[in-house]
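Could you use the hints to bring the two separately framed chains together as a complex?
So the sequence lines, in the order shown, correspond to chains A and B. Mind the numbering: the first sequence is residues 1 to 650 in my numbering, read in order. Mind the numbering: the second sequence is residues 1 to 313 in my numbering, read in order.
Bear in mind the hints are in silico, worked out from the structure with no lab data behind them. Worth double-checking, as some hints may not be accurate.
Claimed, not checked - Distance condition first, Cα-Cα at most 27 Å in a straight line; then the derived DSSO-like pairs of lysine-lysine: (1) A:LYS402 <-> B:LYS149; (2) B:LYS261 <-> A:LYS47; (3) A:LYS604 <-> B:LYS110; (4) B:LYS120 <-> B:LYS110.
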Amino acid sequence: MWIAATLVFAALWLWGGEVLPWAFEVPRAWRPPFAAWISGVLDWLTKEAHFGLFTFRDLTRFISAVIDVPYQIALGLLSGGATVFGVPVPPVGWLGVTLLVALLGFVLSGLPLAALAGGAFFFIAIFGQWTSAMLTLASILVAVPLGVGGGLLLGIAGHRWTGFGRAIVPFLDLMQTIPIFAYLVPILILFGFGPTSAMIATLIYAMPPMTRITMLALQRVPDEIVDLGRMIGCTPRQMTWRVMVPSAQEALMVGVNQVIMLSLNMVIIASMIGAGGLGFDVLSALRRLDFGAGLEAGFAIVALAIALDRLSQAAARRRPAAPVSNEGIVGRHPFLLSALTVLILATLAGLAVPAVQTYPETGRLSTGTFWSEVVEYININYFDEIEAAKNAVLLNVLIPVKRFLISLPWLGVAGLLTLAGWRLGGPRLALLAGGLTVLVASTGLWEEAMTTVYLCGIAVLIAMLIGLPIGILVAERDRLWASVRVIIDTLQTLPAFVYLMPAVMLFRVGDFTAMIAIVAFALAPAIRYTVLGLRGVDPALIEAGKAMGCTPWQIVTRIRLRLAMPEILLGLNQTIMFALSMLVITALVGTRDLGQEVYIALTKADAGRGLVAGLCVAFIAIIADRLIHAAASRSRAQLGLSDGGGHDAA
Amino acid sequence: MTSKRISAITVALLAGTSALAQESADPIKLTLHDWTGQLITTQLMGEVLKAAGYNVEYVQADYLAQFAGLETGDLHVAMEIWETTGREAMDAATATGDVVNVGATGMQAKEEWWYPIYMKELCPGLPNWEALKDPACAEAFGTAETLPKGRYLGGPVTWGGFDEERVEALDLPFEVIHAGTDAALFAELESAIQRQAPILLWVYAPHWAPAKYEGEWVEFPEYTAECYTDPASGLNPDLAYDCGKPFGDIWKVAWSGVQEKWPGAYSAIDAFTVSNEDMGAMITEVDLNGKTVEQVVADWMAANEATWQGWIQ
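One chain only, chain B, in its complex shape (with noise of 0.2 Å):
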């Protein structure tokens, strides 16, 4: 298999060396962020456009911190910005002209409140978010911090998501407490499990946990644009927010100098795309079995030569 993959490669740089005549070769910067499946992401695209003979620099940014770096050129691309968490930030930056959305991922983002399967023993009515509403279930969440109330876990604030205006848009004896990092409300998550304690928090995929614990979302009223934008749209005539989490693509996004020093590179990042289920594969093969990011990315471009190849052509 390794040989396989080494023939790939030199291929790929033999018919790499020509297209890349007119092109930079400055390094291209690639934003590593907190979470696997973003790294995976990163380095998936970082080696392939290495196979096609680019110079790629890995840099540790901040999710939100980075776009100052996009905006001005430090940074080139950023591979996973989420349609739920990073739209509003992503569009102040695309206003400015500076950056460009390079398309979706093929990923799918999904957000939304989850609990472990054995808590609902304790609330019988769940998933249907209204079973949150009775307050022996919110009492069941809760912590001697928020009772009579349930306990949110929500995301760290950087993450948005709008936690608090749901409660109150719908009327949840609920109070949300915030996380910090995603360390943090993972930590949480385990410690809960490690004791079947109650918890109820903010869980995203493609990521680790839901595939290594046994759980459920919970349904809330499907979202959609106006119930964001319009009070007046959904359950709650008074309030927006009174939906579920929009579900929605995860978006590529770069410095807008990169199209013309690396066309080559750029196509590549735009012709990019992986399913969930392949990602979900590669974070629990991370995060789960304790291979490192590298080992799963060489494994998925041994596998998926021809996908990838596509992409440099």
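Okay, chain A solo, but in the shape it has when bound (with noise of 0.2 Å):
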């Protein structure tokens, strides 16, 4: 079937040309206007939809300023200067907010947490990018609960309802994977030029995961613990509320961690719409072409990710304590009576002492022009043998890649993939992947579609490359792992601006600049499931293989990496995500894919021809991300184990 399928295919490519040569370019005429639609109805919506006594607009307008509230009541405890309904709010202070955060970790898990927590943000202070660190801060502080609050709320009534928990799960993808390029002038039309809009944006990106994860949590609820709730009455309410949410804690939490994540993710892209803060330093710091600065400003988003990431997941982890049984509010709350005491003195001590407020600037430290002076001693000194493997790769493999994926007709490509989905999920599957496959060619952007597969497929490829072996020396070494994941955190939150640049120096603008940033991207989840999987490989397994006589080599390939199968294949579709998530940013180094498609339709601010390009982005993902899911499915029922698979935990 595989064979006369590929037979077909092969015909069509090679002779298919001058018979059939709307099966290479669907003819214009054919295409229906999308863009045209798109943009009518945003149109439509931004500003002539109204209510009755009021527009849509306007309803935007009044959750903007809702949303406006805490963020400047958070922006005034951390950095002072705003005022709330005509009130200034005090700021605490670096030292304030820095004793703050140690003392959070040292009631979640002690010590240690405390110091890493702590350091983190004595890190900032030290290298001078407090103020905006706190802009940053602010934001992040008020998206992250609506994030995971609304997430949470969406999981639950999807939970709840299972035809409206279906009816969304496409939704959830297309917000994660359409970049936000393409909806970012509507939505700076209906909620505002500057930081709310910078936040709604953050949400549509970062709360999916939250939602998936509250889904699966909740139906990985024991049936004893739900028995029991029904045993003794509870109420709908008191189910969801008293039962189940707090039964599937653990496993929420891990959305808190993605939600928090993501949103540390978005923060260049929403400096670009006025949100200020670590991503406009590193844009300016870059610009100047100043590698130092840009740098510093990258790491401390990374601190400031790194923090707040040990910290939800010590929380995650904090047991209940035993009920204290001291009476008076000191001996309960010990800590938020601490913390409160902290907080009043150090704002008094700021007022009092600048100092504290701002962390001197002679105590400052900088790297300078270092880094600069790295880039450019490389450059003069190594730019030949750098360009000669660079053209290595380029003319061997990327450029052949891409020109073969290009003349690749559409026809043929629909056929193998509907093929392709009928054979591993049946017909609907195979409606899916051969209906999307049409709809991105009926577009007209074949060719940006293509080279977007071209980018992202070979990155996926060579993420997994070196992804697979690193988890399978590190899944059995704590230690090492430990170090890894210090690494793949900050791949995943440090600014791909602050290498990209030196990269463009050393490798020029293009694909392979573009591609080490998907690379370097993507790798954190090709690395992070293997390891997942390996780990939960069942010890006596591998004891039963020795006992057998097997090699090291025969443990590994034969026992280890088949039975991790499905979370590796799930590790492979989350790389594929977060390449084509990457998209966004590999259009600023000149890649002429389906981002760079988005962002011309930005500046000329056209919203249709931009959400057309971004659905296209989210086709492909979703073809790719069922057929695998399908594949993972499979393997699953041939290896004999249950088919619960991580697939929703993003």
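This is the structure:
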């Protein structure tokens, strides 16, 4: 069957060009004017839609004003200068905030975490990033609870009403995969230009994992607990909030963590639409080609991410303590009170001693021009070698693959994908895979779409080739894994811009530089899920293998990798999602893919065109996701494992 | 000098307060983009407005995405819309009636293909554009990706510029690669200059690059409006864009409500002008001599009191 299909495909590819030109490029007349339709709807929504008394835009502007209140409070506390309803909010100062964070770390898991969290904030202060970091933190502190709360509620609703749950899944896919530039303009019109719009955009991108994890976690609540809840006569409301949510708490915290990470991912783009903060510092340092300053601001983002992530993980692991019997408010809430004391003392001290409020300029560190000089040194001395290596990859791998993919007829690709869908998951999947491919082709963006597939495809392949061996290597070694984790966390939160500009100097603008950025970003899930899978392999099976005389090589290839295959496939899926979400960034170093198309549309203020390109990205993601998911289920079934699939754990 | 400046500001404040009686105390929001010249222009305007007693706020915004904000009145003033790159978006915005063109800044934008002077050895015919048609010359500019064609590094797609069209219309053996961002564009230039390597790219002025590095602009057939709109005009009878890029004004634009809400500020913005030479010198101070934008703006204001005092009368 596959052989026959491949033969037909090859025949179409080789000889179809003259007979069936429309199979290679959808004729203009056949392309539905999607962009104009979407623009029309958006125009109506932003300019005319109303509910009688007020317009849709009034409503969104009201939401924006509501979100602005907590933001201004957070901003005032963290960095000062904000007023809420005309009342100025006094700043806590850098020392106070650092102590509070350290205290929180201590409460959640003791001294090491206190040192880590406090240290991260101290690092930010000592490198002179404090003001910007607090601006960023203020928007994160508002966006994360909203994302967690909204995601939780949607997830609960999706769990309670199965139909609703099924209906929102495609929207979650779209929210996560459509590049933000595609819907930036309507958001700016609806929510105003500034930090609130940036937060809304952050929410759209960072909330879906929370919803997915909530639905998955609630599903996994053991039946006995649910039955118990029924027996003691819980109302549906009690059932949800008193039984289901608490028992799913641990998984829910994974969602919280993802929301934090993804929110910090957005700071660069948020800074382009008026959010300021660390993202702005990174951008402005790099446009002066001041790599040192860019790196310092970038690592301040990483420090924030790691501090917040470790704190949230500690909160997830922390078991509710036994009720404290001490009487009195002091005995019951020792930490709350000490936190309040620190807060008040630091604020007051800050008013008296400026050094407590603003970290003194004389105590700041900076790497100065060191990094720029490093890049210059490499550039002058090693450029030819780098260029030769780059050209070898470019000419032998990248360009041939790109040419090959672009030359493929859309009709044939749609056919093959339909067949794959049918074999892996039956008629519905076949229809989905084929249908979406045809939709992409009918927008006339086939070439851009194939460039996207080529860029992301090769990057994913490289990421897996690097990630798998590293994963295998570190899965068994706890200490090594801990340091690898810090590296992949850094890769995930350090803005790509920071290493992209030096990369541009050494590798020039183009696909190769873009590839480096995508691989660096997509490496994290490739390693993470491989480790997850390998660590989950039943040790008894490995023992059995040893007893039967397997060599170490056989144990890895025949037992551990095979059993970990479902998780590795899930890792592959996530690697693809991450790669696709880097398209926005790669557009900034000049690739000609769908990300660039989105970017062009943004510059022409053509929301319809941008969304069409954005939807194409989403469709590619959905096709890849569904096919891999189906393959993972099949491999699970073949291995005799139950099909629980952590598929939704984005 | 400082005390002189402070006294000037005090005078301005005193003079300003009475005139401001009926004007709104809401902040006037000026947009900041990602190139130094624009930061200087904007902060110059902002500091002058502050000196006149207005409440001023700077907002970081994307060059083109900002029009959405200007139309709704979330943003108020954009100080640099280049004839060369922003005309389309500006016309679309002013057509809605919510955005107005407040006139020219006095600076002339120049944008064109640019090469470092050492490239003349490989391509002796330069700066005449016809030298680029020579295959040997194009090859000198080529890289593995583009050979046998030459490589021209264009600006980010958001800047427009019609370089693909120009290459096609003038039949140049070049491939247009887009840099994606301003930073990427000049990272490549810096890298090439460090190594004395071939490069042909989009450079604009006022900017520090043409001041810092020795080089020349390619001389294309002169731009005319018809050349862009009418295929029949120009060298190539079938295609438009068979000429160089337009050199033109840099415009100030504002939300249409500004004039009513802050009439005094509006006339100050209207009066604002600065010369290419002044701006070039200020950009050099910031990008090459490491001064901050604030410092450079303060120095200019101290040295040109009479000028900006005139704007806020």
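inquiry  = Hinted pair, alpha-carbon criterion (27 Å max): A:LYS604, B:LYS110. Please report holds or violated.
reply    = Holds. A:LYS604 to B:LYS110 sits at ~22 Å (cutoff 27 Å).
key: Straight-line alpha-carbon gap A:LYS402 to B:LYS149, limit 27 Å   = Roughly 18 Å between the alpha carbons, so the hint for A:LYS402 and B:LYS149 holds.
ask   = Can the restraint linking B:LYS120 and B:LYS110 be considered satisfied, given a maximum Cα separation of 27 Å?
value = Status holds; Cα separation ~21 Å.
request  = Measure nothing beyond the straight line between the CA atoms of B:LYS261 and A:LYS47; if it is 27 Å or shorter, mark the hint as holding.
outcome  = Distance ~23 Å between B:LYS261 and A:LYS47 Cα, so the pair holds.
In summary, the structure agrees with every hint in the numbered list given earlier.
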